[in-house]
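As given, the protein sequences belong to chains A and B, one line each in that order. Anchor point for the first sequence: position 43 equals 43 in the numbering used here, and the numbering is continuous, going up by one each time. Anchor point for the second sequence: position 106 equals 106 in the numbering used here, and the numbering is continuous, going up by one each time.
Some hints could be false.
What the hints assert, rightly or not - A few chain B residues that don't get close to chain A, going by computed Cβ distances all over 10 Å:
hint : residue
1    : VAL11
2    : PHE30
3    : LEU73
4    : PRO85
5    : MET88
6    : PRO131
7    : LYS135
8    : ILE137
9    : LEU147
10   : PHE153
11   : MET162
12   : GLN174
13   : CYS176
Stated by the list, open to error - Below, a list of computed lysine-lysine pairs in the PhoX-like style, where the Cα atoms sit at most 25 Å apart:
hint : chain 1 : residue 1 : chain 2 : residue 2
14   : A       : LYS249    : A       : LYS279
15   : A       : LYS243    : A       : LYS212
16   : A       : LYS37     : B       : LYS38
17   : A       : LYS81     : A       : LYS45
18   : A       : LYS249    : A       : LYS212
19   : A       : LYS101    : A       : LYS81
20   : B       : LYS135    : A       : LYS45
21   : A       : LYS46     : B       : LYS38
22   : A       : LYS347    : A       : LYS321
23   : A       : LYS38     : B       : LYS38
24   : A       : LYS33     : A       : LYS96
25   : A       : LYS135    : A       : LYS100
These are calculated hints, taken from the structure and not from any lab test. Since this is a predicted model, take the numbers as computed values, not measurements. For every residue, glycine included, the Cβ atom is placed at its ideal position computed from N, Cα and C.
The chain contents come next:
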Amino acid sequence: MEEYDDLPYQHSTGCSRCNTPEYEPGYAFRLCKACRKKLSRYPVKKEIVWATIGVGVILLVAIFRLPGYFQAGVGYMKGKKLVEEHKYLSAEKYFKATLKKFPDHLGAMMHLIKASYLNDNEAQADSLLALAGGKDIPTDDEELQAMLEFINDHISHSRIEDTALARTLADLEEDTAAYLAKLDSYVVAAPYDLAAKTALAYTYEDLQLYEKADSLCAQVIHNAPLLRPAYYERLSALRDLKKYKEGLKLAEDLLSQNTESIQALMTLTSFQLRLNMDKQALLTIRQAAALAPEDSSVLFMLALACHYNRQQDESHRILTKLKNRPDADTGSIALLHSYITDKVSYK
Amino acid sequence: MFIPGPFLALVTFPGVIVHEFAHQLFCRIFGVAIFEVKYFQMANPVGYVKHEPVRNPVHQLLIGTGPFIINTLIALLIAFPAAIPVFMFNEGTILDYLLLYLGLSIGMHAFPSTGDANVLWQTLWHGEQVPLWLKIITVPIVGLIYLGAIGSFFWLDLIYGMGVAFGLPVLIVQFCA
Numbered sequence: 001m002e003e004y005d006d007l008p009y010q011h012s013t014g015c016s017r018c019n020t021p022e023y024e025p026g027y028a029f030r031l032c033k034a035c036r037k038k039l040s041r042y043p044v045k046k047e048i049v050w051a052t053i054g055v056g057v058i059l060l061v062a063i064f065r066l067p068g069y070f071q072a073g074v075g076y077m078k079g080k081k082l083v084e085e086h087k088y089l090s091a092e093k094y095f096k097a098t099l100k101k102f103p104d105h106l107g108a109m110m111h112l113i114k115a116s117y118l119n120d121n122e123a124q125a126d127s128l129l130a131l132a133g134g135k136d137i138p139t140d141d142e143e144l145q146a147m148l149e150f151i152n153d154h155i156s157h158s159r160i161e162d163t164a165l166a167r168t169l170a171d172l173e174e175d176t177a178a179y180l181a182k183l184d185s186y187v188v189a190a191p192y193d194l195a196a197k198t199a200l201a202y203t204y205e206d207l208q209l210y211e212k213a214d215s216l217c218a219q220v221i222h223n224a225p226l227l228r229p230a231y232y233e234r235l236s237a238l239r240d241l242k243k244y245k246e247g248l249k250l251a252e253d254l255l256s257q258n259t260e261s262i263q264a265l266m267t268l269t270s271f272q273l274r275l276n277m278d279k280q281a282l283l284t285i286r287q288a289a290a291l292a293p294e295d296s297s298v299l300f301m302l303a304l305a306c307h308y309n310r311q312q313d314e315s316h317r318i319l320t321k322l323k324n325r326p327d328a329d330t331g332s333i334a335l336l337h338s339y340i341t342d343k344v345s346y347k
Numbered sequence: 001m002f003i004p005g006p007f008l009a010l011v012t013f014p015g016v017i018v019h020e021f022a023h024q025l026f027c028r029i030f031g032v033a034i035f036e037v038k039y040f041q042m043a044n045p046v047g048y049v050k051h052e053p054v055r056n057p058v059h060q061l062l063i064g065t066g067p068f069i070i071n072t073l074i075a076l077l078i079a080f081p082a083a084i085p086v087f088m089f090n091e092g093t094i095l096d097y098l099l100l101y102l103g104l105s106i107g108m109h110a111f112p113s114t115g116d117a118n119v120l121w122q123t124l125w126h127g128e129q130v131p132l133w134l135k136i137i138t139v140p141i142v143g144l145i146y147l148g149a150i151g152s153f154f155w156l157d158l159i160y161g162m163g164v165a166f167g168l169p170v171l172i173v174q175f176c177a
């Protein structure tokens, strides 16, 4: 509060403080220039000066640590913004950087688990989930709770609920007929188990029962619109059924969940090529190549898209690059060579 | 819950000191004679600065509203380096919590008091040779100060302090992202 009632020295003819006859004009209060200056510099109490110095020292320590926290905070927020834009591959890099500095940061951990899942890296999602398992999620943190729900849903839909059956199925892997019979009867008895339905769809696909695989996956996707393995399985079935337009639409749906999904971009490219949308296919796979420039599968599809867009030089340059890799996959290189030399048609 | 002003001021006394210091600082900047400064007392008012009437009415406006500017800036400066580790990374040390307490208490006392508003009103609205534009902007400023005073019954000062010390640092980080 500031006030100027009951002020001292109010009835002097000269400077109210030192009685000098000269005083500064224009003020209600008569003071000479020197006295006014001196009074305006009213001393600050020593205790307050010392307290300020103390706070200043603490502040300096805090400011010294600030750049690390600030950088990590900005990175974490950038990751969250990218999540809102469904750009999970870029977001994943920021969350990893945050966790490198703050390994116990629950928000970054949960975001990274979700991003790993949406980047189709289930192995990473599972190992992170094992790490996060023992941590308590604050019940009043709605954002973390929503992510926990998403992650739990994903787990429940990714693993067959009946663990005994899952073990039996693992033992029956070599005996396709027995495996199919067991899984089929379980799905009838437990239609809510989406992981079992997806596993059954895989079996149908292996047995070239594409219609069955397609319809089963369509049911799963209807019930769990973010269950990505079911999408990929259905996309395989649609490709084998030559239902390319449906496949294109489904691949676009999958991509809308994560606009930076390399696998979804490659799948979309393959449907675009099959529908002779060659220019769009090249644009799509270039997006993937910008995100994962050294990924062999992406380079494979890029070479293919270049070939269909009459960019033979680039196509052959990519083939050479793939051949020269120490871990070159000779089978896929031979296949790519057949495609880009028109010995075999991809479409 | 009603807590008498002086007791609340006691808990948040650093804010009162900075509030009075802000008045004092602007007096010093404008060369206005100060006769007495009480940084804190357990009475009403909990602090005050006695100074001479100003020659330039604009100086009065800045002396009166100085705490709003200075308390807000200092609260943000002090709380910022502590708010990020505490609110974004759950890694606060005791020093961080001390800084947050200081930031909160300083931010809480950013609003000019009704006493400040009275001086502003007397000097700027009723004063002679005060330009019309200054009279016009005085009205909403004094109005806001009174609204703030009414709002303090509903902990508006606490909410403001929390916003500056706890919320604003996180918003700044979000803005930089």
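Hints, verified against the model:
1. VAL11: With a cut-off of 10 Å, B:VAL11 remains clear of chain A, as the shortest Cβ separation is near 16 Å.
2. PHE30: Its Cβ does come within 10 Å of chain A, the nearest being 8 Å, so this is violated.
3. LEU73: Holds, because the least Cβ-Cβ distance between B:LEU73 and chain A comes to about 13 Å, which exceeds 10 Å.
4. PRO85: It is violated; B:PRO85 is separated from chain A by about 5 Å at its closest Cβ, not greater than 10 Å.
5. MET88: violated (5 Å)
6. PRO131: holds (16 Å)
7. LYS135: holds (19 Å)
8. ILE137: Per Cβ check, B:ILE137 is outside 10 Å of chain A; nearest 19 Å; holds.
9. LEU147: holds (17 Å)
10. PHE153: Correct as stated: the minimum Cβ-Cβ distance to chain A is 18 Å, above 10 Å.
11. MET162: holds (17 Å)
12. GLN174: Violated, because the least Cβ-Cβ distance between B:GLN174 and chain A comes to about 5 Å, which does not exceed 10 Å.
13. CYS176: Violated, since 5 Å does not exceed 10 Å.
14. A:LYS249 - A:LYS279: holds (17 Å)
15. A:LYS243 - A:LYS212: Satisfied, since the Cα-Cα distance of roughly 14 Å is no more than 25 Å.
16. A:LYS37 - B:LYS38: OK: A:LYS37 and B:LYS38 at ~20 Å, within 25 Å.
17. A:LYS81 - A:LYS45: Not OK: A:LYS81 and A:LYS45 at ~48 Å, beyond 25 Å, violated.
18. A:LYS249 - A:LYS212: holds (19 Å)
19. A:LYS101 - A:LYS81: holds (20 Å)
20. B:LYS135 - A:LYS45: violated (35 Å)
21. A:LYS46 - B:LYS38: holds (13 Å)
22. A:LYS347 - A:LYS321: holds (24 Å)
23. A:LYS38 - B:LYS38: holds (18 Å)
24. A:LYS33 - A:LYS96: violated (64 Å)
25. A:LYS135 - A:LYS100: Holds - the C-alpha atoms of A:LYS100 and A:LYS135 are around 18 Å apart, at most 25 Å.
Violated hints for the displayed structure, listed by number in ascending order: 2, 4, 5, 12, 13, 17, 20, 24.
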